[in-house]
Amino acid sequence: MTPLGWVFLVCSLGFVWGLMIWSFHRVLTAPGEIEKPPDMLGG
Amino acid sequence: MSSSSDHQQQWGTRVGVILAVAGSAVGLGNFLRFPGQAAANGGGAFMIPYFCALLFLGIPIGWAEWTMGKYGGRKGFRSAPAILGVFGKGAVARYLGVLGVLVPLAVSFYYTYIEAWCLGYFWHYLTGGIGVDAAAPIAEQTTSAAQFYSELTGRAENGIMTGGTFETFIFWVITFGVNIWLVFRGISKGIEKFCSWAMPAMAVCALIVLGRVLTLGTPDPAFPEQNVINGLGYMWNPNFEALANPQTWLAAAGQIFFTLSVGFGVIINYAAYLRKNDDVVLSGLTASATNEVFEVGFGGLITLTAAFVFLGTTNMIVAVQGGTFGLGFNTLPVVFAHMGVFGNFIGAVWFFMLFLAAITSSISMYQPSLAFFQEALGWSRKHATTLMVAICVGGSFLVMYYSKGGIFWSTIDDWVGTFLIFVLAMVQIICFSWVFGVKRGIEEAHLGAQLHIPHFYRFIMKYVTPTYLLVVFVAFCWQNLPSWLKSVADEPLRQGAVGLILAVIVMLVVMVRVGERRWRAAGLDLDGTRPPDD
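Sequence order for the protein chains is A and B. All residue numbers for the first sequence refer to the working numbering, where the first residue is 1 and numbers rise by one. All residue numbers for the second sequence refer to the working numbering, where the first residue is 1 and numbers rise by one.
Derived from the structure by calculation, the hints contain no laboratory data. The structure displayed is predicted, hence computed values, not measured ones. Don't be surprised by glycine CBs; every beta carbon is placed ideally from N, CA and C. Careful: at least some of the hints might be erroneous.
Footprint (simulated), chain A over chain B, 3 or more residues, beta carbon under 8 Å [stated by the list, open to error]:
| no. | segment |
| --- | --- |
| 1 | 12–21 |
| 2 | 70–80 |
| 3 | 287–298 |
| 4 | 514–521 |
Calculated from the model, a selection of chain B residues having no Cβ within reach of chain A, i.e. all distances over 10 Å [unchecked claim]:
| no. | residue |
| --- | --- |
| 5 | F51 |
| 6 | E167 |
| 7 | G323 |
| 8 | G326 |
| 9 | A348 |
| 10 | L387 |
| 11 | W434 |
| 12 | G437 |
| 13 | Q450 |
| 14 | W484 |
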């Protein structure tokens with residue numbers, strides 16, 4: 001594994017993991033969760 | 001126009017719809033196709049065109065599909081033909097929208113069969129392995145694995161009940177039954193609920209296998225160069241010369257295109273069950289990011305690293321050339337055999353993970369046709385499901401019966417699962433950016449959005465994405481169409497597969513015609529001439 005190989009590995013993993021964690025953080029902390037449909041509430 | 005019970009169907013939670021779309025995108029290709037493509041096209045350097053394609057091709061088309069689906073849903077439509085008719089403002093786009101039903105339906109004919117293989121491998125690893133002897137020479141081990149694969153998949157000869165494939169037929173019945181049961185339960189209770197546990201379960205399986213692979217060290221002291229670090233290097237060391245080769249850029253664009261399930265007809269249908277003020281921008285990005293973690297974060301670390309550690313550079317070349325299925329079903333079983341007492345356990349976890357990846361994709365393939373049958377024919381969910389099951393059983397039976405050499409199903413994969421996906425994606429992005437208008441389209445996307453699409457994406461979605469897609473499509477046709485056409489002309493089995501595709505297209509076109517009359521009679525805006533009523 002060359003140093004450049006490590007650079008590509010770390011940057012790629014950092015990008016995809018960072019993007020997913022940031023996105024889910026935004027989704028989970030945002031207000032206004034979708035209302036549950038009647039069939040979910042009524043069982 | 002869907003039946004009233006179908007109109008009540010909606011996603012239960014925002015995370016649920018994201019996991020369902022991500023589950024649709026994550027499939028065998030994330031773990032098997034991506035690493036092979038990367039290693040063969042510049043290693044780490046492949047990630048440059050790969051991420052360019054993600055930003056300029058995959059994510060914009062995904063946003064367009066999410067937006068079209070939600071907008072179509074507001075107008076009372078759930079299916080691709082009806083929704084594309086609205087965005088394309090007329091019958092041409094509506095009939096081209098048939099591809100949004102055909103693609104998932106026809107791909108499901110063989111996808112559940114492949115899913116059954118994964119279940120079969122999982123079962124065999126759970127009950128003692130597939131008979132690969134780690135003490136034998138590597139060539140002999142590969143032959144054993146290939147023989148098992150050939151028998152399980154019926155490649156040796158045609159016929160479901162012959163050639164040792166009856167067992168696979170049983171696995172297919174189980175797989176298909178689970179799929180239909182989940183889809184019949186509905187969007188929220190079936191698909192969403194299943195994906196909400198299947199996706200985390202898949203991640204846990206991937207982490208278990210990844211943990212084992214990264215702790216393999218140097219298993220054979222006689223070959224010190226065959227270690228985990230060099231295995232990672234095989235996949236990630238960059239070869240910048242590859243960037244000068246157009247093939248690298250084509251491969252990267254193709255990989256992004258297929259991995260995100262854009263142009264597949266699924267996202268547009270799933271998004272039709274959203275409400276007016278539900279977010280699509282952040283949800284689309286999150287679903288894409290989740291898919292990328294499974295592809296780059298897991299697929300990019302597990303598959304080739306494990307294979308390299310046990311097989312070395314020479315055998316790796318053969319393994320990568322074996323493609324998706326060669327790598328997954330012939331090479332990795334040899335690797336598991338070398339893992340000692342944990343080998344069968346890791347093999348079982350691996351194939352269970354592939355099974356979950358496949359089933360979260362396949363359930364998404366049934367929903368578009370189910371929604372279309374209900375909408376076009378005005379049938380109840382029960383009757384529409386019965387029709388869909390009948391078509392799928394017929395299609396899958398042909399795939400399983402004509403199993404020799406995998407010719408029949410690979411022809412459907414070539415023409416529907418590859419060629420027509422490009423066509424549908426182009427229809428979608430042109431309808432969104434040019435006919436409906438990119439400015440209006442992005443305004444629709446921003447209704448309820450928790451993230452705004454950057455302003456420069458107007459330019460990208462109008463000019464860059466269609467051009468990028470067109471270039472990739474033309475290059476793809478240039479490379480593949482002559483040989484594909486010749487093989488269809490030469491091979492009766494391929495002609496049969498193409499005949500099946502054409503028969504399904506004719507059936508769907510007739511249904512669009514029936515649907516048009518119903519939608520007009522109901523006063524629906526099927527040509528997209530007025531704003532939504534809500």
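Violated hints, by number in ascending order, as checked against the structure = Those not satisfied are hints 2, 4, 5, 13.
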